[in-house]
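Please work from the sequences and hints to get the whole structure.
Residue strings, one per chain:
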Amino acid sequence: MNSPTPLPPIKRIDPSRAPKVVDPRHDTLGAADAIAAAVAPGSSNRVERMRIDDLSIAYGTKPAVRNVTLPVREGEVLALIGPSGCGKTTLLRSLNRLTELTDTAVATGSITLNGDDIHALEATDLRRRVSMVFQQPNPFPMSIFDNVAYAIREQAARRPSKSALAPLVREALEDAGLWDEVGDNLDHPALRLSGGQQQRLCIARALASKPEVLLMDEPCSALDPKSTEIIEELITRLREKVAIVIVTHNLQQAHRVGDNVAFMYLGELVEYGTVEQVFNAPRAERTQNYVGGVFG
Amino acid sequence: MPQSSAARSERRAERSLGALSSLVLVLITAMCLFVLLKAWPSFSHNGPMWFGWGGNVDDQLAAIFNSPANPAKWDYTIRTWPILYATALLTIVSVAIGIVVSTLAAVFIVEFAPPSVKRVVSPVVRLLAAVPSVIYGLIGILVLVPFVGNHLIGDGRKNSVTFVVQLSGASLGVAVVILTLMITPIMIAIIADALRAVPNGWKEGALALGANRWRVMWTVVVRSARPAIIAAAVIAAARAIGEGIMLAMVSGSVGFAPNPLDGITFVFEPLRPYAATIVDNAEGLSVKPFGQTIYAMAAVLLFASLMLSLGGTLAKRPLRKYGVRL
Ligand SMILES: Nc1ncnc2c1ncn2[C@@H]1O[C@H](COP(=O)(O)OP(=O)(O)O)[C@@H](O)[C@H]1O
Ligand SMILES: [Mg+2]
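Residue numbers (full-length UniProt numbering), protein chains in the order written: chain A, 1 to 296; chain B, 1 to 326.
One should not assume that every hint holds.
To be verified - Dumping the calculated EDC-like pairs for lysine to aspartate or glutamate here, alpha-carbon to alpha-carbon at most 16 Å:
1) B:K203 - A:D187
2) B:K203 - A:E212
3) A:K210 - A:E154
4) A:K241 - A:E276
5) A:K241 - A:D259
6) B:K288 - B:D75
7) B:K203 - B:D75
8) B:K118 - B:D193
9) B:K321 - A:D187
By construction, these hints were calculated from the structure, which means they are not laboratory data.
Right, dumping it as structure tokens:
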């Protein structure tokens, strides 16, 4: 570390709750070069699905994300961590252009999907390829089947028959680890499922359009520990099929499911690296303060 | 003890509420029985043919009104088909148009209108919903009826049916237009409230699955507001069925059944539903058989509104299954 003045310690983190960090000062403390190298293209042999390049987003004049550069790679889970309000959700929602729903949001920088600027794609097309699971399970008030088939039906030029949809629905539910529980009751109302099942249904619904990237915004924060465990196992399995970006304020969760970890603070990317590197040998002092002591 | 006194006052409140609602029930039942009792002679004399077709219903009403003084010779013969048909036609057509128009309007107001428009339109709609029906009737009879009579119905058309019915402008078309105008605001208000109550998470979830704004609107938002659309249709239909004064003013008030086979002329033909018939003949109630005939029409209206709310409840039931809310 070549820090001129040590930063004040960040309040100790209860990993199950979003910490409130009230410290306007920030500094990557000379770790910038190492982190810049880690996020640069070609720093890994895995295929890059998405690349966030020098992205800044502000709500009106209030910046929420500042000059973030990040790769999203195939076969990996990228965990976004950081205190509440640091811009994780904003960053995540910009990846499928949901930030556009907020009139005041202004973005600069670029985001590409397989090399194509996402703003050059149709928003509807982009959102099928980069699908999203929200913090609160939000199944539609329809049957389980209709929920999972929703994206496929919206995508199809002609309304597909139920028998054509059935195998796709089944596959998505199997991928989401829900088939064994609901396979016999596909016509049951989705809203009657338990919270954890609802969230897995939302994952199945997001997987049904065969996306290339799956975005998850604190998918377990509304769930009980058992459901959380099931979903974490699911994420670990799914990474083979789809690149995953998961926002979490739970450091243990980031440690369990992440391959790469990005630590954000006040809208900036403070740290990026493999999960071992970020948790065991953080480069930035801010990261040390944030993750230090949580493990071992 | 405060707790037991709270419990006691709660019990008391429960009991008085129970008593109150039983009282309301008793009153409604008594009213139905009273109307049915009064109406009975008319129904029993005609049997099912009371609803049937035959002769001129206005002539029949006149004959009943002019019944001889001797109760044994009272005339009861009536075939109310043209009136039943007018009631059903007006209600079904205006509610059908109303559902489409009010759903589209509510979607626009809630989802697409710029905020400045929203701020103005919502209170205006509520205000319109509260306008008394006589006002609609006045506008109809002062503006729309003369306009239709003078400009839309040519002499050729008037002459073509001159031996059947007179075309004055007061007509099925005008009645449907005014009736639809009258029932649409309340429907818009009910549906818009339901659309506003659809959770944002559903909309965002659908957008995030690659549906465009219009598709999200139809497949998620309007879909989950279907019970409210049904409720709005039931309320509108109840208003339409029971609307007497306005329809007496603009429908032409003739016991005639407009014939769709007449082509465009169909729209310009007059008619008169049950409620307007009651309004038009209220002064004749003192003539016993005539009063009983009018009561019979009231009984039909009562039965129809009961059926409406029952039908609405039944129609909403399958939607509830999937957690669609009202
Ligand atoms: N729709 C919005 N309008 C204005 N400001 C917003 C909006 N959403 C988020 N913000 C602000 O942007 C910052 C980042 O928020 P967010 O991305 O939700 O952070 P996180 O998900 O890390 O908690 C916060 O300061 C928040 O108050
Ligand atoms: Mg968030």
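Subject >> Unmet hints by their number, sorted upward, for this structure >> reply: Structure breaks hints 1, 2, 4 and 7.
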